[in-house]
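Colleague: This is what each chain is made of:
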Amino acid sequence: MDTRLEKIVKVLQEKANATYEEFRDEVHVFINAGQIVDALTFLRDEHQFSLLSAMTAVDYWPEESPRFHVIYQLTSLTQNLSIQLRVLVNGDQPKVPTATRVFEVANWREREIMDMFGIDFDGHPDPRRILMPEDWEGHPLRKDYPLGYEEPQFTFNFEEIDLRKPYAKE
Amino acid sequence: MGVEQKLGNMGVVTTTLETAVNWARTNAMWPMLFGLACCAIEMMSAQAANYDMSRFGMELMRPSPRQSDLMIVAGRVSRKMAPVLRRLYDQMPEPKWVIAMGDCASCGGVFNNYAIVQGVDEVVPVDVYVAGCPPRPEALIHGVVTLFEKVKGEKFADLAKA
Numbered sequence: 000m001d002t003r004l005e006k007i008v009k010v011l012q013e014k015a016n017a018t019y020e021e022f023r024d025e026v027h028v029f030i031n032a033g034q035i036v037d038a039l040t041f042l043r044d045e046h047q048f049s050l051l052s053a054m055t056a057v058d059y060w061p062e063e064s065p066r067f068h069v070i071y072q073l074t075s076l077t078q079n080l081s082i083q084l085r086v087l088v089n090g091d092q093p094k095v096p097t098a099t100r101v102f103e104v105a106n107w108r109e110r111e112i113m114d115m116f117g118i119d120f121d122g123h124p125d126p127r128r129i130l131m132p133e134d135w136e137g138h139p140l141r142k143d144y145p146l147g148y149e150e151p152q153f154t155f156n157f158e159e160i161d162l163r164k165p166y167a168k169e
Numbered sequence: 000m001g002v003e004q005k006l007g008n009m010g011v012v013t014t015t016l017e018t019a020v021n022w023a024r025t026n027a028m029w030p031m032l033f034g035l036a037c038c039a040i041e042m043m044s045a046q047a048a049n050y051d052m053s054r055f056g057m058e059l060m061r062p063s064p065r066q067s068d069l070m071i072v073a074g075r076v077s078r079k080m081a082p083v084l085r086r087l088y089d090q091m092p093e094p095k096w097v098i099a100m101g102d103c104a105s106c107g108g109v110f111n112n113y114a115i116v117q118g119v120d121e122v123v124p125v126d127v128y129v130a131g132c133p134p135r136p137e138a139l140i141h142g143v144v145t146l147f148e149k150v151k152g153e154k155f156a157d158l159a160k161a
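Those sequence lines, one after another, are chains H and D. Residue numbers for the first sequence follow numbering that gives the first Met the number 0, beginning at 0 and rising by one. Residue numbers for the second sequence follow numbering that gives the first Met the number 0, beginning at 0 and rising by one.
It cannot be assumed that every hint is accurate.
[Unchecked claim] Cut-off 27 Å, straight-line C-alpha distance, at most; resulting in silico cross-link-like pairs (BS3-like, lysine-lysine):
{"id": "1", "chain 1": "H", "residue 1": "Lys142", "chain 2": "D", "residue 2": "Lys95"}
{"id": "2", "chain 1": "D", "residue 1": "Lys95", "chain 2": "D", "residue 2": "Lys160"}
{"id": "3", "chain 1": "D", "residue 1": "Lys95", "chain 2": "H", "residue 2": "Lys164"}
{"id": "4", "chain 1": "D", "residue 1": "Lys149", "chain 2": "H", "residue 2": "Lys164"}
{"id": "5", "chain 1": "H", "residue 1": "Lys94", "chain 2": "D", "residue 2": "Lys95"}
{"id": "6", "chain 1": "H", "residue 1": "Lys94", "chain 2": "H", "residue 2": "Lys142"}
{"id": "7", "chain 1": "D", "residue 1": "Lys95", "chain 2": "H", "residue 2": "Lys168"}
{"id": "8", "chain 1": "D", "residue 1": "Lys160", "chain 2": "H", "residue 2": "Lys168"}
{"id": "9", "chain 1": "H", "residue 1": "Lys94", "chain 2": "D", "residue 2": "Lys149"}
{"id": "10", "chain 1": "D", "residue 1": "Lys79", "chain 2": "D", "residue 2": "Lys95"}
{"id": "11", "chain 1": "D", "residue 1": "Lys149", "chain 2": "D", "residue 2": "Lys95"}
{"id": "12", "chain 1": "D", "residue 1": "Lys151", "chain 2": "H", "residue 2": "Lys168"}
{"id": "13", "chain 1": "D", "residue 1": "Lys160", "chain 2": "H", "residue 2": "Lys164"}
{"id": "14", "chain 1": "D", "residue 1": "Lys149", "chain 2": "D", "residue 2": "Lys160"}
{"id": "15", "chain 1": "D", "residue 1": "Lys79", "chain 2": "H", "residue 2": "Lys142"}
{"id": "16", "chain 1": "H", "residue 1": "Lys6", "chain 2": "D", "residue 2": "Lys95"}
{"id": "17", "chain 1": "D", "residue 1": "Lys151", "chain 2": "D", "residue 2": "Lys95"}
[To be verified] Quick partial rundown of chain H residues pointing at chain D, CB under 7 Å, derived from the structure:
{"id": "18", "residue": "Pro124"}
{"id": "19", "residue": "Pro139"}
{"id": "20", "residue": "Gly147"}
{"id": "21", "residue": "Glu149"}
{"id": "22", "residue": "Pro165"}
{"id": "23", "residue": "Tyr166"}
{"id": "24", "residue": "Ala167"}
[What the hints assert, rightly or not] Across the chosen pairs, the derived CB separations fall in these ranges:
{"id": "25", "chain 1": "D", "residue 1": "Leu158", "chain 2": "H", "residue 2": "Pro165", "range": "23 to 29 Å"}
{"id": "26", "chain 1": "D", "residue 1": "Ala27", "chain 2": "H", "residue 2": "Gln152", "range": "33 to 39 Å"}
{"id": "27", "chain 1": "H", "residue 1": "Ser49", "chain 2": "D", "residue 2": "Arg54", "range": "22 to 28 Å"}
To be clear, the hints were calculated from the coordinates, so they are not data collected in a lab. Where a beta carbon is used, it is the ideal one built from N, C-alpha and C, also for glycine.
Work out the full structure: start from the sequences and follow the hints.
Modeller: In structure tokens:
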């Protein structure tokens, strides 16, 4: 790990009770949901991590519990450093405090995570779906979401499936 | 033509009204631009100089549904796009036809998932399906000519019923 990163991780460990992992020179810092806004503000203001270059989530169901990781990838352009923060959450509609007041760009990213994973962001200024239609049910990137709905037609079951297909009328 | 016109010696052609109307329709069929994915590139090249669909009376791709007779759905239709597609179809004046170009528009293609409509025939009635991923311009032109054959066989009575 970069020595500059080591210092930052140490502060996060003391301040926010964080743990960390290293994988191929990338540092992942695990932080409680309650302290993520403070951690982001700290990194932005005191260590020049001015760019939230990616914000996403992963569903590790059923292997891991808590199942969701909300991931913040921060980049410092002045120091050429990058650090990843992860928030672990569980449950059906978990809540994470919004990062929009620290990074404006988090607005649409959080809407996407809300849409695709069903993770709510407390205090988000515009909590609507961003990609799926507004009346959509479910959250498609969850691992327990069904993949597709159409059965493939082969010669032996072509007509049987053809009868069930919802063709449009005039 | 030419000499006969000058001489005023045109003669008389007899035909049925149906045949004349259908002939006119097939030779001035204006397709609507509906490029949704990579099939649109093939649709453009079918229009462009090398393949030149204007040989079949289709030199005008219309951006407005109100001026077009044919909708070439070129590409995959997402569930969010489906209401838009249906609305544009409803805005086209009668008579109107639809070509589902490519595997995605015909049956969902490789995208058997939640986001893509499994065949545009769930949203609008399709006249001709063109297979291929994406179909070459020749295949699209073949689809168009197949549609012409269909249109030439249409009866006024059937249109009145619909």
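Colleague: Hint by hint, note whether the structure agrees.
Modeller: Now for the hints, and whether the structure bears them out:
{"no.": "1", "hint": "H:Lys142 <-> D:Lys95", "verdict": "42 Å, violated"}
{"no.": "2", "hint": "D:Lys95 <-> D:Lys160", "verdict": "15 Å, holds"}
{"no.": "3", "hint": "D:Lys95 <-> H:Lys164", "verdict": "23 Å, holds"}
{"no.": "4", "hint": "D:Lys149 <-> H:Lys164", "verdict": "24 Å, holds"}
{"no.": "5", "hint": "H:Lys94 <-> D:Lys95", "verdict": "50 Å, violated"}
{"no.": "6", "hint": "H:Lys94 <-> H:Lys142", "verdict": "19 Å, holds"}
{"no.": "7", "hint": "D:Lys95 <-> H:Lys168", "verdict": "14 Å, holds"}
{"no.": "8", "hint": "D:Lys160 <-> H:Lys168", "verdict": "14 Å, holds"}
{"no.": "9", "hint": "H:Lys94 <-> D:Lys149", "verdict": "58 Å, violated"}
{"no.": "10", "hint": "D:Lys79 <-> D:Lys95", "verdict": "23 Å, holds"}
{"no.": "11", "hint": "D:Lys149 <-> D:Lys95", "verdict": "12 Å, holds"}
{"no.": "12", "hint": "D:Lys151 <-> H:Lys168", "verdict": "22 Å, holds"}
{"no.": "13", "hint": "D:Lys160 <-> H:Lys164", "verdict": "25 Å, holds"}
{"no.": "14", "hint": "D:Lys149 <-> D:Lys160", "verdict": "17 Å, holds"}
{"no.": "15", "hint": "D:Lys79 <-> H:Lys142", "verdict": "22 Å, holds"}
{"no.": "16", "hint": "H:Lys6 <-> D:Lys95", "verdict": "69 Å, violated"}
{"no.": "17", "hint": "D:Lys151 <-> D:Lys95", "verdict": "14 Å, holds"}
{"no.": "18", "hint": "Pro124", "verdict": "23 Å, violated"}
{"no.": "19", "hint": "Pro139", "verdict": "5 Å, holds"}
{"no.": "20", "hint": "Gly147", "verdict": "4 Å, holds"}
{"no.": "21", "hint": "Glu149", "verdict": "4 Å, holds"}
{"no.": "22", "hint": "Pro165", "verdict": "5 Å, holds"}
{"no.": "23", "hint": "Tyr166", "verdict": "5 Å, holds"}
{"no.": "24", "hint": "Ala167", "verdict": "5 Å, holds"}
{"no.": "25", "hint": "D:Leu158 <-> H:Pro165: 23 to 29 Å", "verdict": "25 Å, holds"}
{"no.": "26", "hint": "D:Ala27 <-> H:Gln152: 33 to 39 Å", "verdict": "37 Å, holds"}
{"no.": "27", "hint": "H:Ser49 <-> D:Arg54: 22 to 28 Å", "verdict": "58 Å, violated"}
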